[in-house]
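Asker: Chains as they are written, first to last, in this note's numbering: chain G, 5 to 157; chain R, 20 to 187.
Calculated directly from the structure, the hints in this document are not laboratory data. Where hints are given, some of them may not hold.
Restraint-style ranges between C-beta atoms, simulated for each label pair [as the list claims (entries may be wrong)]:
#1 Cys136/G / Thr183/R: 30 to 36 angstroms
#2 Thr63/R / Ala120/G: 30 to 36 angstroms
#3 Leu97/G / Pro185/R: 35 to 41 angstroms
#4 Phe52/R / Ile12/G: 46 to 52 angstroms
#5 Leu128/G / Leu132/R: 37 to 43 angstroms
#6 Val182/R / Gly57/G: 28 to 34 angstroms
#7 His178/R / Gly146/G: 47 to 53 angstroms
#8 Cys136/G / Arg164/R: 29 to 35 angstroms
Ideal placement from N, C-alpha and C gives every residue a C-beta, glycine not left out.
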Amino acid sequence: MLQKKSSIDVPLTIGYHFTRLVMAGVFIYASIDKIIHPDLFAEAVFNYQVLPGYLVNLTALILPWLELILGACLLINRWMAGASALAAMLMALFVGMIIFNLARGLDISCGCFSAAPDDDPITLLTLARDICFLIFSLGLAGLVFIKNTRRVR
Amino acid sequence: MAPTLVRHHIGNTVRQIIFIILISVVLGAAVNFIRPDSIPFVETWSMADNLVTEDGEALAIPLEDAAALFADNAAIFLDARTPAEYEKGHIQGAVNLPWHEVDNYFETVIMTLDPEAMIITYCDGEACSLSHDLALFLKDLGFTRIKVLVNGWTLWKGHDLPVTTPSS
């Protein structure tokens, strides 16, 4: 199959690889500390006060691996349709959780890049950062869609 | 943009998402299974369960017990929130001991407390840990009868127990 060449291909390709690599870095970096410290991350998940108690540990065990696998897919440019869509969904979920807890004034740690409960409280800056990542992920998912549906024989 | 390609893309997306989730579940479970510091897959989490001293004594006190002690005037209530929050409303008779500036209140509050007295700390919200931290701190200082009223301010207000507010 050949890619149909047009003048917008170059910026699209640059945008695709740029967002892909940024989000790969974000997800892989975010997963490491949580995989190392599942007990601390479970506490961070519990503190969000959105999940029933019995789902807290399962989430704390699976979510970091989801971030890692997803980040790895983005990094090696494989399964991009699924990985980019999942990235956008996760970022939307994270943004939603942060807005929810900022709105009800819960003083909790983000648990975003570090599992430790003491640092990285959620603030408007956290929200702004995650909204940026959400926009990146949505952009990437859009670019993957364009890439996959524009092929001509 | 052919409809077949769009359908194909959506199919791929769904399939790949399922694969990625499955791999994560398997890896997450497997690694937790073999690592020495694993955590239980299912654990009942509640703030009260977490409030246990090193020797296993439960720190949390149920609202009814706290209210009974209050009615008998048998406990000192310590409000671990900030002075601003305390000013907006607190349990009647409670003393403000903001955890974040606890050092500044050493002489004015902590030194005046009877080490044998029943002390109940509280803050606001299920996840608020100020009261918990304050309770453990006081225990370390030698206070013996310390309890934490989890989500204290919200519960107290919600049950129409006596409060002090700027208007009252």
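Asker: Taking the numbered hints from earlier one at a time, note which ones the structure violates and give those numbers from smallest to largest.
Answerer: 1, 2 and 8
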